[in-house]
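Just so we're on the same page, the numbering used here is the position in the sequence shown counted from 1, plus 64.
Hint data in this document are derived by calculation from the structure and do not stem from the laboratory. Just to be clear, a hint being listed does not mean it is correct.
[Unchecked claim] Simulated pairs of lysine-lysine, DSSO-like, Cα-Cα distance not exceeding 27 Å:
#1 Lys249 with Lys238
#2 Lys125 with Lys104
#3 Lys347 with Lys87
#4 Lys270 with Lys297
#5 Lys153 with Lys104
[To be verified] The calculated label-pair distances, taken between Cβ atoms and stated as ranges, are:
#6 Asp115 with Glu361: 34 to 42 Å
#7 Phe389 with Ser103: 31 to 39 Å
#8 Leu110 with Ala315: 30 to 38 Å
#9 Lys238 with Thr138: 40 to 48 Å
#10 Glu361 with Lys238: 36 to 44 Å
#11 Ser127 with Tyr185: 43 to 51 Å
#12 Asp364 with Leu110: 26 to 34 Å
#13 Gly269 with Leu110: 26 to 34 Å
Being a predicted model, the structure only gives us computed values, none of them experimental. We put the CB at the ideal spot given by N, CA and C, even for glycine.
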Amino acid sequence: MRIVVLGGTGNISTSIVKLLLEKGHEVTCYNRGNHAESSKDVRVILGDRRDRETFEKTMQKESFDVAIDMISFTKEDAASSLAAFRGVKQFIQCSTVCTYGVDYDWLPVSEDHRVRPITDYGRGKVAADQLLLESYYREGFPVTIIKPSTTYGPQMGLLRQVAWDFSWLDRIRKGKPIIISGDGKAIHSFLHVDDAAMGFVGVIGKDHCIGQTYNLVDQGFVTWEEHHRTAMKVLNRNVELVGVSLQTLLALNEERFSFCKEISVHNVYYSSAKIFRDVPEFKPAISLEEGMCRVIEEMDRRGTIPDSDKESWEDAIIEAQRQAFGSLRI
Numbered sequence: 065m066r067i068v069v070l071g072g073t074g075n076i077s078t079s080i081v082k083l084l085l086e087k088g089h090e091v092t093c094y095n096r097g098n099h100a101e102s103s104k105d106v107r108v109i110l111g112d113r114r115d116r117e118t119f120e121k122t123m124q125k126e127s128f129d130v131a132i133d134m135i136s137f138t139k140e141d142a143a144s145s146l147a148a149f150r151g152v153k154q155f156i157q158c159s160t161v162c163t164y165g166v167d168y169d170w171l172p173v174s175e176d177h178r179v180r181p182i183t184d185y186g187r188g189k190v191a192a193d194q195l196l197l198e199s200y201y202r203e204g205f206p207v208t209i210i211k212p213s214t215t216y217g218p219q220m221g222l223l224r225q226v227a228w229d230f231s232w233l234d235r236i237r238k239g240k241p242i243i244i245s246g247d248g249k250a251i252h253s254f255l256h257v258d259d260a261a262m263g264f265v266g267v268i269g270k271d272h273c274i275g276q277t278y279n280l281v282d283q284g285f286v287t288w289e290e291h292h293r294t295a296m297k298v299l300n301r302n303v304e305l306v307g308v309s310l311q312t313l314l315a316l317n318e319e320r321f322s323f324c325k326e327i328s329v330h331n332v333y334y335s336s337a338k339i340f341r342d343v344p345e346f347k348p349a350i351s352l353e354e355g356m357c358r359v360i361e362e363m364d365r366r367g368t369i370p371d372s373d374k375e376s377w378e379d380a381i382i383e384a385q386r387q388a389f390g391s392l393r394i
């Protein structure tokens, strides 16, 4: 098939493009050319989707069978895609589980759960998804919506619980304690990008997947404590986990710890039953330990693990915590 990927060089889309090529598809990427170079087997159209008129005209001149949109974040983006891909056989929208928010009526959260986004990112995705689904029901626009959870890989790196920060890996290597929120027992869903690619590619050409929404997660979950201890195993170094309350972290620096407040302090657990039923090709095989090994190796190669000796905020919080309460080792 002739397939266009909007993006194609990001965290998940790099793996999607690779898998599409392995399966013999003719792949085009549409992006601004600001990130990693695409494979020589990929045709690249340089452009900015925010220049909506040019984007839409450019796409309408093509004759793609499938479009995979990895860079649609708002209702306006979705409306532009509807104009750009009239006549396409299937349109795959990358959404997010952040559309559900964190106030759940049941766990694991299934696709029929009410959406209650708490971030601008989540609200934008909800509006985009709703417009696309309305177009499906009203006009038969052939959309499939995919909602990944935390999907990690070499492009993004390995997240920690309390903040968007990668120096924690260097801290483990140097034997330094690391902070977690509370007791670290909040549960989470992780999926390696190569496994995630199987979900996106697996829905292609399946009529029963059109008009559907899928959570893109593996079965089961891990706690953040287990996540951090798995990293210690990979790095062959055990360090102390120091529990600090979310209230304390936010009082110190709400912006730094917004990831914890909005996502990782909560139990976020999503059902994968629907995609496992409808997409038999989706067979996640990369364990968290193996995935961490791959990502850390690539981060080392690229030099993207910061030197923790140049960061003082974590040591300062740990010292203050010990002075106030004594050690709260997990």
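Hints, one by one, checked against the model:
A threshold of 27 Å between alpha carbons decides the hint, and for Lys249 with Lys238 the separation of about 25 Å falls inside it, so the pair holds. As the CA atoms of Lys125 and Lys104 are separated by approximately 23 Å, the hinted pair is consistent with the 27 Å bound. About 16 Å separates the Cα atoms of Lys347 and Lys87, which keeps this hinted pair within 27 Å; it holds. Only pairs whose Cα atoms come within 27 Å are accepted, and Lys270 paired with Lys297 is rejected, the gap being roughly 40 Å.
Of the pairs offered as hints, the one joining Lys153 and Lys104 holds, with about 26 Å between alpha carbons and a cut-off of 27 Å not exceeded. At about 38 Å, the beta-carbon gap between Asp115 and Glu361 stays in the expected band of 34 to 42 Å. Between Phe389 and Ser103 the Cβ separation comes to about 53 Å, which falls outside the hinted range of 31 to 39 Å. Roughly 46 Å separates the CB atoms of Leu110 and Ala315, a value that falls outside the hinted 30 to 38 Å.
As the Cβ distance of Lys238 to Thr138 is approximately 42 Å, the hint placing it in 40 to 48 Å holds. Take Glu361 and Lys238: their Cβ atoms lie about 18 Å apart, and the range 36 to 44 Å is violated. At roughly 33 Å, the beta carbons of Ser127 and Tyr185 sit outside the given window of 43 to 51 Å. With their beta carbons about 31 Å apart, Asp364 and Leu110 fall inside the hinted range of 26 to 34 Å.
For the hinted restraint 26 to 34 Å between Gly269 and Leu110, the CB-CB distance of approximately 28 Å keeps it satisfied.
When held up to the earlier numbered hints, the structure conflicts with 4, 7, 8, 10, 11 and fits the remainder.
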